[in-house]
Amino acid sequence: MEVLIYLVPMALGLGLLGLIGFLWSLKSGQYDDLDGAAWRAIMDDDVHETAEDGGR
Amino acid sequence: MSDTRDLSHFVRHIEGGVARIDLAVEGMACAGCMSKIERGLSTLPSVTRARANLTNRRVAVEWNEGAIDPVRVVERLSELGFRAYPFDPGGAEAAEEQETNFLLRCLAVAAFATMNIMLLSVSVWSGNVSDITPEQRDFFHGLSALIALPAAAYAGQPFFRSAIRALMARSLNMDVPITLGVLLALGMSVLETLHHASQAYFDSAMMLLTFLLAGRALDQNMRRRTRAVAGNLAALKAETAIKLADNGDLREVPIASVQPGDIVLVRSGERIAVDGVVVEGTSEIDQSLVTGETMLATARKGTRVYAGTMNGSGTLHVRVEASAEATFLDDVTRLLEKAVEARSRYLRLADRAARLYAPLVHVTALSTLVGWLVVGATWHDATVTAIAVLIITCPCALGLAIPAVQIVASAELFRAGVLLNAGDAVERLADIDTVLFDKTGTLTLPESEVINAADVPGDVIDVAGRLALASSHPLAAAVARAANAQSPLAGAVEEPGQGVRGVNDGVEVILGRPSFCGAEREAEALAASDPEASAIAFVRGRERHIFAVRQRLRRDAVAVVNRSQKLGLAVEILSGDRVAAVEHVARTLNLKHWHAAMTPANKIAYIAELRAEGRNVLMVGDGLNDAPSLAAADASMSPVTAAHVTQTAADAVFLGDRLSPVTEAVAIARKAKRVMRENLCLAVVYNIIAVPIAILGLATPLIAAVAMSGSSILVTLNALRVKGGRSPVRWKS
Chain A
1108 MEVLIYLVPM
1118 ALGLGLLGLI
1128 GFLWSLKSGQ
1138 YDDLDGAAWR
1148 AIMDDDVHET
1158 AEDGGR
Chain B
1294 MSDTRDLSHF
1304 VRHIEGGVAR
1314 IDLAVEGMAC
1324 AGCMSKIERG
1334 LSTLPSVTRA
1344 RANLTNRRVA
1354 VEWNEGAIDP
1364 VRVVERLSEL
1374 GFRAYPFDPG
1384 GAEAAEEQET
1394 NFLLRCLAVA
1404 AFATMNIMLL
1414 SVSVWSGNVS
1424 DITPEQRDFF
1434 HGLSALIALP
1444 AAAYAGQPFF
1454 RSAIRALMAR
1464 SLNMDVPITL
1474 GVLLALGMSV
1484 LETLHHASQA
1494 YFDSAMMLLT
1504 FLLAGRALDQ
1514 NMRRRTRAVA
1524 GNLAALKAET
1534 AIKLADNGDL
1544 REVPIASVQP
1554 GDIVLVRSGE
1564 RIAVDGVVVE
1574 GTSEIDQSLV
1584 TGETMLATAR
1594 KGTRVYAGTM
1604 NGSGTLHVRV
1614 EASAEATFLD
1624 DVTRLLEKAV
1634 EARSRYLRLA
1644 DRAARLYAPL
1654 VHVTALSTLV
1664 GWLVVGATWH
1674 DATVTAIAVL
1684 IITCPCALGL
1694 AIPAVQIVAS
1704 AELFRAGVLL
1714 NAGDAVERLA
1724 DIDTVLFDKT
1734 GTLTLPESEV
1744 INAADVPGDV
1754 IDVAGRLALA
1764 SSHPLAAAVA
1774 RAANAQSPLA
1784 GAVEEPGQGV
1794 RGVNDGVEVI
1804 LGRPSFCGAE
1814 REAEALAASD
1824 PEASAIAFVR
1834 GRERHIFAVR
1844 QRLRRDAVAV
1854 VNRSQKLGLA
1864 VEILSGDRVA
1874 AVEHVARTLN
1884 LKHWHAAMTP
1894 ANKIAYIAEL
1904 RAEGRNVLMV
1914 GDGLNDAPSL
1924 AAADASMSPV
1934 TAAHVTQTAA
1944 DAVFLGDRLS
1954 PVTEAVAIAR
1964 KAKRVMRENL
1974 CLAVVYNIIA
1984 VPIAILGLAT
1994 PLIAAVAMSG
2004 SSILVTLNAL
2014 RVKGGRSPVR
2024 WKS
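Sequences listed follow chains A and B, in order. Residue numbers for the first sequence follow this note's numbering, so the first one is 1108 and each next one is one higher. Residue numbers for the second sequence follow this note's numbering, so the first one is 1294 and each next one is one higher.
By construction, these hints were calculated from the structure, which means they are not laboratory data. Glycine included, each C-beta is placed from N, C-alpha and C at the ideal position. Take the hints with a grain of salt, since some may be wrong.
What the hints assert, rightly or not - Here are the computed distance ranges between Cβ atoms for each label pair:
1) A:Ser-1132 / B:Arg-1774: 46 to 52 Å
2) B:Thr-1591 / A:Gln-1137: 54 to 60 Å
3) B:Arg-1458 / A:Leu-1124: 34 to 40 Å
4) B:Ser-1660 / A:Leu-1111: 39 to 45 Å
5) B:Ala-1905 / A:Ser-1135: 53 to 59 Å
6) A:Ser-1135 / B:Asn-1895: 51 to 57 Å
7) B:Thr-1591 / A:Ser-1135: 56 to 62 Å
8) B:Cys-1323 / A:Tyr-1138: 18 to 24 Å
9) A:Ser-1132 / B:Ala-1715: 28 to 34 Å
10) B:Leu-1476 / A:Ser-1132: 29 to 35 Å
As the list claims (entries may be wrong) - Chain A stretches covered by chain B per the calculated footprint, using a threshold of three residues with CB under 8 Å from any CB of chain B:
11) 1119-1130
12) 1135-1148
Said to hold, decoys possible - Rough simulated footprint, nothing fancy, chain A against chain B, three-plus residues with beta-carbon under 8 Å:
13) 1321-1333
14) 1343-1352
15) 1390-1401
16) 1409-1417
Based on the sequences and whatever the hints tell you, model everything.
Structure, rendered in structure tokens:
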């Protein structure tokens, strides 16, 4: 059962990494525009729009 | 007359020689607009960053200091088809954002701790009934303590602070039992761990914090979103003034940078943005937003004018005075302060519950301790049981019962076009039994309309409309709107204060005062039949026509009055306007009770009278003169077109041209309050079941965890019932 001595802290460390990741993303403003972020993922930034409102 | 806009007030200077401006953008509704704006702005030279925010409908633009004028950014956006308004971030909104982020950080920490401790706790629980060794259990408990103590110290801050504040003020709020429960649970668990006990309550304490923080973070997010919309609306109103510099230059500047003593130019048809005294020019002024009076008042040199009034036909130079010196506003402010003081502080449902609940819980825990000692239990066992009572009664469900409903209700109100200013407005709106409407700008639309357009031949109204475009007088603007005129009549000349004249198809056409057009007789006939309407005459050759212009009732005013009565509300009109005008509206709406020519003090006195009779009054008004009565009523609403002071005094602001948000808000608030009561009952039922178990000493951490999460989920699901199945009401923003 000695395996727990390092496995459990390792699991905790991984969880902590996730927490730090969240705090970092919060700090860098990634939750400021939730509606916009959903659309940015599927936006074709490299494709030029031909029609006036081709993006709609 | 040319003038330049000065936006330097809104530009923020950030390190590295970069300037930044935040703009509220009208019409940005889709992802396409977002990329169009960002790409369009990036083509401007030296713009380093343009970022659109679709949630807030805002754009942040950064450029190298001094490289371009911020006005160019606004112009570029208008070339792209979007109207942008500079926006002053900071103040309340920045604080709100900080608070949101802090709560989210707390929630993240608490959730992380709960998940990991629960992992260890489940192992202990299952181990306790199988083959866990005492060493392993101590190891798990020790690890749990290592996670829980720092996490609780950080994530518990919002509760600890609030509890300390309450105790310093010698009162009890919900955060006091929460804080006590968490601290005692953690303390006892540490002691139990040191004594190699088989159970610890680390998971209960952290779970409690997580649930409560989730409720608070959601609540805060909703509030922040409402504030962002309100902030945009304020920016869209574009409160700017045209300042006359000493050298004769004109600059358009934001109101905030206008100083007392400055001379401000007010052109015809513009809203006066400052309080001050006219130093040059004569004009007629529409004061309906300030006093509710629909008759135009004459302004000449020496006349005092107020912010929010509409300038008529002439151009005025106004010397700005500090608003504190303006006598009318002074009156309003004084009355406002008195009214706010007089309003007996409404005790929120949650606070009332906390006042009952906190002592009850503490007494129960204490008697459990004493009871067990009396029947001969050891100090240790008695204390553990007493603390278990505190943990299990910790108002997890109670803490969520009301915020959860409030979140759903304010989202629902938001959809109906109602923005809440005050947190407890939902509860107060639910208790309303009397609605008092102001007339001008509330029951009626703030803009005047031609009411007899159907009686005038179509070609006449077309020509009149095109002629009207040459004038900026508010009455002419109404004619232009009625005709839906697009292009002004070429060569039309305006005679200030009289009318416009021009030539159409070789025939002279004139639009203006009846006396200017020689149509006094027709105007008198109109005045006799409809005393409220203003007459504007139109002459083409020998033809004479009269347009009757007045403020029209909001389209759904009759329906809203009927619906209010169906909701069991008494409806009355409380107006500062003339008797004849108010009587006409009251008759149209079929209302028996109306009061005209009321001063702000009269209005307050009347509201106080109604309240003394035990009625709960909702005041709906828009004028500056309504602000004190809004504060004096039990609950208050104002349309988004209202004066700034008035909006601040109101509990809620409604958007759009329709009046229906008022009744809708009352209906939603009533439903919300009912669900709040249900939730409180659920929390009580939960306690009735759980407390005896805890008192008997049977509440293991496992039972506490199941009971807590179960009741929280139940309460949250019940709160969702406030959400109606109705199709969303659309409103213009």
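In ascending order, which of the hints set out earlier in this document are inconsistent with the structure? Going through the list in order, the structure violates no hint and respects every one.
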